[in-house]
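A.B. asks: This is what each chain is made of:
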Amino acid sequence: MKVFAFANQKGGVGKTTSAVTLADGLSRHKIKTLLIDLDPQGHLALSFGLDKSPGLYRLICLDEPLEKVVVNIRPHLDLVAGDKQTEKVKRQITLSDFRENILSDLLADAPYDAVLLDLAPSLDVLHLNGLIASDWVIIPTRPDALAVDGVKEILTTMAEVEQSGHRYQGYSILPTFFDRTTRETLLQFQELASAFGEHLWPPIPQDTRVRETAAYGKTLWEYSPASTAMTGYREGRQKLGGYKQVLARMLEVLNG
Amino acid sequence: MAEKKFERRTTLDPAVADLLSGMQQRQAESQLPRKERERLGKERAKIQSRREQRATYDLPPSLREEIMALSEELRIPASQLVTLALARFLRDYQNETIDLGIYKQPSRSPRYDWNLVFPDDLIRIKKKK
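Quick note, the sequences are listed as chains A and B, same order.
For the first sequence, the residue numbers in my numbering are 1 to 256.
For the second sequence, the residue numbers in my numbering are 1 to 129.
Okay, chain B solo, but in the shape it has when bound (with noise of 0.2 angstroms):
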């Protein structure tokens, strides 16, 4: 029987792990040509200023689905449609040309007062079966 090979696996601190990976990565696209190092600086640079623009929020999926099919259609970002969507909304709401109220119910949530319940005709939400 052929005989088993054993790797011994070193544990380290995560930290240690995660920064020890950096740099070999660093270490690494330091020996790649001058094109390919500016390459993956740019895209490093590209990534890095675009982390404050980022935002993570739970949105009903059929909301999410428009969203990308009039992207598609316009052929616009869908970004720059949900920004559009969120400045006239606080515009509207600064106007006071929109009513939460309608919307309020009370939450149970320790956090929250309020929860915001849509109608139907304005975000289709699946029910769970």
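Pulled out of the complex, with its shape left as it was, chain A reads as follows (with noise of 0.2 angstroms):
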């Protein structure tokens, strides 16, 4: 099993929905998957077309097991869904010994073959238990200066996890929002590049349908299996870019 954490301190840079899509992506190639909500918003049933539920609540708070917790949502793919209860998990953390592994040990013995985590756009108790139960740790940016020093900040905490003794298998900087025809897009991209070589995945292009598929409470596989966002941008023979090609290196990464 592995546990992927979609992070940025930043709000509104496509977390939720590339952890919605990803999800999708992975339970298409019959790899049981389990996406876990630690964001109060609640979003990620919304994606789904399902009601908020404080699944996380009753995992943690109320001890509920993980079973009795999830929703299966599609083949392949359940849900431990969130909405405000979730700030009352924070308190409870806070208040337990061991705090910062309680999401890590209620995942040791998950029979998935990978778990996502969607993180609120914060930096609390709950977060730095996504970091810690988390594998490799994907962290979507639009590419603008201030979504780029999210990812900055998300690295910083990562290194602090790590000097507590957590090792991550890898991480992988995710440009969304990607309009490739701006020079400032060019700059952030270069930069990036720069910055962090091969942790650098395809961007997903800027597509309206993105917006439209919440509206629906469809993943893009349903709604849009064809659009920019999901199949990247065309040049010349080949595609580069959109949740597709990066399912495809999720894929690599999970095989080793």
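Heads up, a few of these hints could be off.
Derived lysine to any residue pairs resembling SDA-like cross-links, with alpha carbons at most 20 angstroms apart [what the hints assert, rightly or not]:
#1 Lys10(A) - Thr157(A)
#2 Lys244(A) - Asp18(B)
#3 Lys46(B) - Gly11(A)
The hints are simulated quantities; they were obtained by calculation from the structure and are not laboratory data.
Mind assembling these two chains? They're in different frames, but the hints should get you there.
C.D. replies: This is the structure we're talking about:
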């Protein structure tokens, strides 16, 4: 089992959309996948056309077993939903012993091939739990200066986590809302490429379909599998970027 | 001894590298004078429009040479000569005025049932030494 965290302290960078799209993609490859919403906004459930529910609260505060808390939403895809009660989870964790490892311990024997954690854009104890529970951190970022600064913040936090003994298998930077026609995008992309090298994954093109899909409670695989955000830019005979290519990178990580 | 200068190489995801170089090329083009930009744009459009017309087949070298020689002699593009030849073949095949049976021999390929084996007087295939 591999645990992926989608993290960036900056909000609105595409963490939830990326987690939803890639989790659905993994499940379509028959990879048993669990999505966990660590954000009190509870948007993961809405993204699948479900109501918000206190899944994480029941798991951590009421000590209910994982198999009772998960909701099966698609073949090979389960969800631990979240809602505003997730705020109570943070308070409970803060009062607990070994508080940074609670999520990690809960997932230790989870019967999944991949677990995807959608972290909130904050730096609190739940966020830290997500980072400590994860093997691989995916950092979505818009190609703009503020969001790129959020990448540096996450990497600093990860370095602090590693100092406490946790070892990450790796991390990836995922550029989102990518508009290749603007000079600013090129400059930020060049900067990301020179700073992070192979850690930089192909970008997700800016696409109105992504906003529409959330409104319909569908994933991009269902609503618009041929959209640019899914298939990437056509460059000669090849396609560059898009969630399908990023999914291939994730599968490489999963298969070692 | 002069000090050697080593340059750090950044390894990039191949898709990221391709996208980045395409964007850099477009950015560099945008700095060119308008006439030069238009010329490059037209060239790109020409290449793109011809992409659907391109096909790759294995042909005996002698046949290719003959087509090229004919193209030179008649001053007609080789692509048009080949288009004519293929169109005539398809029409003959549809009208059943060409019989593939005389060339057919069983194939051992898992993908194809038959090979076409051409007589020397039709196509001079250079024998491997």
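A.B. asks: Now tell me, hint by hint, if it's right for this structure.
C.D. replies: Do the hints match the structure? See the list:
1. Lys10(A) - Thr157(A): Distance ~14 angstroms between Lys10(A) and Thr157(A) Cα, so the pair holds.
2. Lys244(A) - Asp18(B): Holds - the C-alpha atoms of Asp18(B) and Lys244(A) are around 17 angstroms apart, at most 20 angstroms.
3. Lys46(B) - Gly11(A): 43 angstroms, violated
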